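Participant: Here is what each chain is made of, one letter per residue.
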Amino acid sequence: MKRIDDRAEPAPAPTLPSTEPIRLVDRKGHRVVDSAYPTPDHGTLLTLLRSMVIGRRFDRQAGALARQGRLAVYPSSYGQEACQIGGVLALAEHDWLFPTYRDCVALVTRGIDPVDTLTLMRGDWHNGYDPGRYRCAPQCTPLATNASHAVGLTYAARRKGEDVAALVLMGDGATSEGDAHEAYNFAAVWNTPVVFLIQNNHWAISVPVRKQSAAPTLAHKAIGYGMRGYHVDGNDAAAVYSVVSHALGEARAGGGPAIIEAQTYRLDPHTNSDAPQRYRDESEVEYWKERDPVARLEALLRAEGRLDDAELDRVAAEAERLATDLRERLSGERSPRGTRDAGRRGGPALSPDDLFTHVYAAAPPMLAQQRQALLDELRGV
Amino acid sequence: MTETTMAQALNRALRDALAADPDVLVYGEDVGPLGGVFRVTDGLAAEFGAERCFDSPLAEAGIVGTAVGMAMHGGRPVVEMQFDSFAYPAFEQLVSHVAKMRNRTQGAVELPMVVRIPYGGGIGGVEHHSDSSEAYYAHTPGLRVVTPGNPADGYSMLREAIDCPDPVVFLEPKRRYWDRADLELPVRTESMDRAVVRSSGTDVTLIAYGPMVATALETAEAAREEGIDVEVVDLRSLSPFDDATVAESVRRTGRAVVVHEAPMFGGYGAEVAARVTEQCFHYLEAPVLRVGGLDIPYPPPKLEEYYLPSVDRILDAMDRLQWEADWFPEAPPRPRADAVPLPCNDSAGASAGGSDRSRSEVSAWAPSRP
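Chains as they are written, first to last, in numbering that gives the first Met the number 0: chain A, 0 to 380; chain B, 0 to 369.
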């Protein structure tokens, strides 16, 4: 194992990321030649496409459930599928993912039951899956604060001789947080295998990215930490997958962590309660819709004879089944006071008792008393 | 038996924990070759190597945040915040992640980690080196907040904190780092979530923790000379709170004073006073009094003696515990006829110039000595 303090020879200064994003497939679905990064094979491209079709359908369904009041809130990923899916599919099974609240599509791609990815948004609990089982941290709402967790986790894994890398998803706004800076710095100093994938969707709720940073690109920040920085077309799933895979490989080999800025766009409002017409022009949305990540990969695979209507129909049907299942399982009614029927589908049965169970390993007397008082109150004692 | 300071006891606890469990890691600012600014980690890097005890970048949120990740993956990090006031950048990590991880994952992820924070004043530290920040942490469900008051507890409670499956904010009273005790280490004292009666008495319960335990014991000695038999309770665990031990004592003595260095307003003593009042009301002979620091930013070192609770100040508080049957040496002033009545729930008794004991009179017993 590499000792943390034996960096005798300073690593050669990384080269600056290009201001033009790395792109493997252009918006018309044509391959871009001359790229230093390999385009994934057709099988991988098909997997990327299939995951994006499913992810987008999931996202549309979750948005609808939010509008119907079935979810407390839903932050849409519409338009960002290539980032989340390209990033997650580049991870090995034993690697860890550190998502934010906007990354439900990433969670679905990671294999987590779609219902469980929405536990937070449904308001049933703060997290709906076992992080250890999926190697996926709980969705993080305080921006950038889980980035240092990834550094610590990979540090601990390396101590145990495990080959574990981590992918941290963060937005453009999050890069302004002090926690982002500290995580980048710790990762670089400790040389932990962490890739920070910044989904620059251009809007932190209503604040444009030009008000977040004066850096040429957000990827340029990497240089100051002694890290490699990559600037990638975030609506090109092939490019995201390829560059994240490359960065993870370098990091695993001891080449250090990396920051990847992926240029994408949040086509939807911030959440179902946002009002984007107050801060951005519709023409901007149209501009980005022409750069749709799903359409361009579909165009490429069709043009190269790897995709036909029948296959697309099969994928669409699969996506539809997922959406129907999600809709049905999340449409049960709540019973009074937040309790739900134990046998009902759609997530764990919750009871007020659960409020006290996991605050500490064992409930101290004070909590045991409050629990009893609440149960008495509910029984009308 | 050997003379041992609290700093030495803490150091030994870390050393024994590192030796006992390969998952234990000690890191923070200057904790490596230097051994920490208070030398609590002295010799650990040399003995256990730079993989087990090491200097981190100077960034408290990053220190605690990385510890979260380590604890998520089988580590038992013990991190040092160099001073109370320098721990504030880590506050969000503590409140939003450390305290909540077990709960938000319904027990799937636990964080066995310790955040050591030297706290409190009395060492002549310049600005930002003397805060008593315990109330911020104790107010956060999910954190255990403990503070030893003597070297034996320093050893035993730190070992227990490191073994604890819950995250522990371990507050070290820095002015007591150099207090000595005759001690054979390792030592096992009472469970860290229990309060302990340090000195038995019958007249009044003096509730203290951390740096104020020694002051409380001194006060008890002085009070005994004045004929007051003081029982000193050392809380040790600020959260969870040991209601049983405290209430048992106060019900016996009928009087209680709680003392801490932190500013009194909104301080931890308010919680103690409220709990004691709720649980012991019918046993109380006098209101529960608090003695705390002044409600000002921590003063510069040349003025800190005016700020810190002293034996005299605690004795003065004890004098105000309504010892005399004729506590009101003269009739309390009645409200003037033109006085605006105090806000009062009792509409019958609150009219201006009311004849019976109005609520304003009842509350007017307060502080002047007979």
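Please keep in mind that the hints were generated in silico from the structure rather than gathered at the bench.
Only a predicted model underlies this, so the values are computations on that prediction, with no experimental measurement involved.
We put the beta carbon where it would ideally sit given N, CA and C, even for glycine.
Possibly wrong hints are sitting among the right ones.
Said to hold, decoys possible - Listing some non-contacts, in silico: residues in chain B with all C-beta distances to chain A over 10 Å:
hint, residue
1, Thr-4
2, Asp-29
3, Gly-42
4, Phe-47
5, Glu-50
6, Ala-58
7, His-72
8, Pro-88
9, Ala-180
10, Arg-197
11, Ser-199
12, Pro-299
Unchecked claim - Listed next, with one range per pair, are the computed distances between beta-carbon atoms:
hint, chain 1, residue 1, chain 2, residue 2, range
13, B, Leu-302, A, Thr-140, 41 to 47 Å
14, A, Ala-35, B, Pro-56, 28 to 34 Å
15, B, Leu-33, A, Arg-378, 23 to 29 Å
16, B, Met-0, A, Gly-379, 58 to 64 Å
17, A, Met-365, B, Ala-221, 29 to 35 Å
18, A, Pro-207, B, Leu-33, 21 to 27 Å
19, B, Gln-321, A, Leu-374, 38 to 44 Å
20, A, Pro-207, B, Gly-73, 55 to 61 Å
21, B, Asp-181, A, Gly-379, 33 to 39 Å
22, A, Asp-352, B, Asp-29, 16 to 22 Å
23, A, Ser-212, B, Pro-56, 17 to 23 Å
24, A, Gly-223, B, Glu-126, 37 to 43 Å
As the list claims (entries may be wrong) - Far from chain B, by Cβ distances over 12 Å, these chain A residues were calculated:
hint, residue
25, Asp-25
26, Asp-40
27, Val-52
28, Asp-112
29, Ser-175
30, Glu-181
31, Asn-184
32, Val-188
33, Leu-349
34, Asp-353
Participant: Going back to the hint list, which numbers does this structure go against?
Facilitator: 5, 6, 7, 8, 15, 18, 20, 21, 22, 24, 30, 31, 32, 33, 34
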